[in-house]
Amino acid sequence: MVLTSNSRSRVLLTIIVWVATLAFLFPVIWFLLLSLKSPDLIFATPPVFWFKPTLGAYRETILSGYSNQLWNSLLVASGSTAVCLILGVPAAYAFDRFTFFGRKDLLFWMLSVRMAPPIAVVLPFYLVMRRLELVGTLTALILVNLTVNLPLVVWLMKDFFAEVPRSLDESALVDGATRLRAFVNIIFPLAAPGIVVSTVFAFIFSWNEFFFALILSSINSQTLTVAAASFWTNVQLEWHKLAAVSMVTILPPFLLAFLLGRYLVRGLTFGAVKE
Amino acid sequence: MARSAYLGQESAPLPAAKSGRQLWRRLSPYVWVAPAIIALAALVAYPSVYALVLSFYKWNLTRPQVGRRFVGLDNYAKAIHDEVFLETVRNTVVFVVGSVTIEFVLGIFLALVLSQKLPGVRLARALIITPTMVAPVIAGLIGRYMFFSGYGIVPYLLEKVGIVVSDGILATPGVAMAAVILIDVWQWTPFVILVVAAGLQSLSNEPIEAAQVDGASSWQILYSITLPMLKRVLLVVLLLRIMDAVKTFDIIYATTRGGPGNTTMTVTYFGFQQGLNFFEMGYAAAISFMILISVVILSQAFIRGVYRGAHI
Chain A
1 MVLTSNSRSR VLLTIIVWVA TLAFLFPVIW FLLLSLKSPD LIFATPPVFW FKPTLGAYRE
61 TILSGYSNQL WNSLLVASGS TAVCLILGVP AAYAFDRFTF FGRKDLLFWM LSVRMAPPIA
121 VVLPFYLVMR RLELVGTLTA LILVNLTVNL PLVVWLMKDF FAEVPRSLDE SALVDGATRL
181 RAFVNIIFPL AAPGIVVSTV FAFIFSWNEF FFALILSSIN SQTLTVAAAS FWTNVQLEWH
241 KLAAVSMVTI LPPFLLAFLL GRYLVRGLTF GAVKE
Chain B
276 MARSAYLGQE SAPLPAAKSG RQLWRRLSPY VWVAPAIIAL AALVAYPSVY ALVLSFYKWN
336 LTRPQVGRRF VGLDNYAKAI HDEVFLETVR NTVVFVVGSV TIEFVLGIFL ALVLSQKLPG
396 VRLARALIIT PTMVAPVIAG LIGRYMFFSG YGIVPYLLEK VGIVVSDGIL ATPGVAMAAV
456 ILIDVWQWTP FVILVVAAGL QSLSNEPIEA AQVDGASSWQ ILYSITLPML KRVLLVVLLL
516 RIMDAVKTFD IIYATTRGGP GNTTMTVTYF GFQQGLNFFE MGYAAAISFM ILISVVILSQ
576 AFIRGVYRGA HI
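Residue numbers (the working numbering), protein chains in the order written: chain A, 1 to 275; chain B, 276 to 587.
Same shape as in the complex, but just chain A:
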C-alpha cells in the first residue's frame, strides 16, 4: 500500500529507510573495524574510527591456530546438510504426492520438533553420546543438527514439489516408469531451486548453531561459534581476535543469503510465506 504521495513526506521516509539500514548494519561494521585494529586500539576511549587497518588478528587466528575450527564448522554444516537432504527430500516428495494415514500429523510433528527447545534434546543426547563415546566427535554434532534441519528441509521441499505439476509424474508412470524413476529423472531436476534453497538454509543453521556445539564438542571438534565464544574466558580479552573469528563466521551465511534473493523469505518461514 502507498503510504503517502506528498513529496516532503517521501523525503522523510527515504531518510527513515537509510537511518534504519545503517543502524542495523552498524554493529557488524563496528566489529569488522575491530577485527582490523591493532591490539593497542581496542580499549581506546573515545573509540577510534579512523586508523591504519591490519590483518594481524586474522593472521593470528584463522590462518594459524583456528584453521581447525573453520574446518570443523565446514564439516559439521556440510555433513549435516547432506544427511538432511538424503533423508528429507524423498520424504518431502511423498508428503506432497501421496495421501496416507497420519500424513498431516507426521508433518505437524516434524514442525513441532523444529520448534522444540534444544535443552530438552541435549541432556539425554549428551548422556547417550557419552555412553557411545561420541561426545567430542563431529558425528555427534552432525546428528544433533538434524533435529533442527531435517524438519526444515522436509517442509521447504514439500512446498517446492507442490509447484511441479503432477501431470509430469503421471505421464512418466503411464509410459511405464516406476515411481522412483519418475522422481529421480523428472521431478527431482525440476525441483532444483528448492534443493538449492534447502541446502543453503540447512547449511546456514548448522553453521550458526552454538548451543549443541558448546555442549557436545571437545577441543578437537570445536566449531567457529564455540571458538568465538571461548575468548570470553581468556584473562586478557583479545577482542580483535574474537572479532576476526566472528567475521569469518559471519561471512558465509551473509554471502549465501545475498545469493538467495527472493527465496530468502520462503526459507526463513519454512515455505509459509512466499515472495
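None of these hints come from the bench; they were simulated from the model. Don't take every hint at face value.
[Claimed, not checked] Below 27 Å or equal to it, Euclidean Cα-Cα: the simulated DSSO-like pairs (lysine-lysine) are:
1) B:Lys353 x B:Lys333
2) A:Lys274 x B:Lys435
3) A:Lys37 x B:Lys333
4) B:Lys435 x A:Lys52
Use these hints to put chain B onto chain A, whose structure you have.
Then chain B, alone, in the frame of chain A:
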C-alpha cells in the same frame, strides 16, 4: 478426492495383481517417509522419553559413587519451590514479550516504509537482513563489546548525552535485561521486516484503492484492511519469533551468563546450568521436560492456527 483419483491411475486393472498392488500402494508412502521419520524419532522421541524417566531420579554426575536414586516427583516439587527457577520463568516471559513486541511494531512499521517506491529501497532491503544472518552467539558477542563499560561505544555515547550507568550496562539489574532484549531486537527485527514486506507485496491492491476512493485515511486503511489481510503472515512471524525467543540461550551466554544476580537468566540457561555446570541431571531433566511441554502446547496451538483451513 483429487489425490486418490490421481493415484488410482497407477494401478493396472489386472485382477490377480490387484490386491498386491493395492497393498503396495497403501504402504509405499511410508517407505518414502520412513528414513526421515525414524531418524528424527531416534534423535528426538527417544531422548524426550529418556528425559522424562531421568526426571524422576536424583542423579549427580560428579558423584558417580552415589548413582541414581528414584525420587518420584521430587524434582518437579523442587522446581516449583525453587525461587531461582521461578525467577528465570519470569525473566523468560519478560524477554519474550519485550523483544517480540518491539520487533513486531518496529518490523511492521519499517516493512511498510520499505515497501514504498523510494530511491535505493531495493538495496536497503537486501542489506537490512544482515543481522538475522549473524550467528546468534556472535550477535551476543558484538553486543557485549558495544556495551562493555570502559571502552564500549554505547556507554561512551550515553555519557555524551549525560547518562551514566556507573556499574556498567550489563552488570546493572534491569538495564542488563533491556540490553539483551535490544540485541535480540537488533537481530530479529529485520526478519520481521522482510517477511511482512513480502506479505505486503502479495496483497491485492483493489480493496485498498477502493477504500482510498471512499476517502479513508492511511491509518484507517492500515488498521482495518492491510493488517487483517496480512493476518496469516503475521501469525507465521509471531509463531517463529515466540518459539525462538522462548529458547534463547546464545545471547545470554555471550553477554551476561544470566547475571547480574539471576536477572537475565532464561529457563533454557537455567536448565543448562543445572545439567552441565552442576551436573544435576535429574533436576535438569525435570526442568527441560517442563520447558518442552509448555513449548509443545504453545507451538501446537499456533501451528493449528496458522494452517487452519490451509491446504498442506
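Evaluation of the provided hints:
| no. | hint | result |
| --- | --- | --- |
| 1 | B:Lys353 x B:Lys333 | 11 Å, holds |
| 2 | A:Lys274 x B:Lys435 | 45 Å, violated |
| 3 | A:Lys37 x B:Lys333 | 50 Å, violated |
| 4 | B:Lys435 x A:Lys52 | 26 Å, holds |
Of the numbered hints stated above, those contradicted by the structure are hints 2, 3, listed in ascending order.
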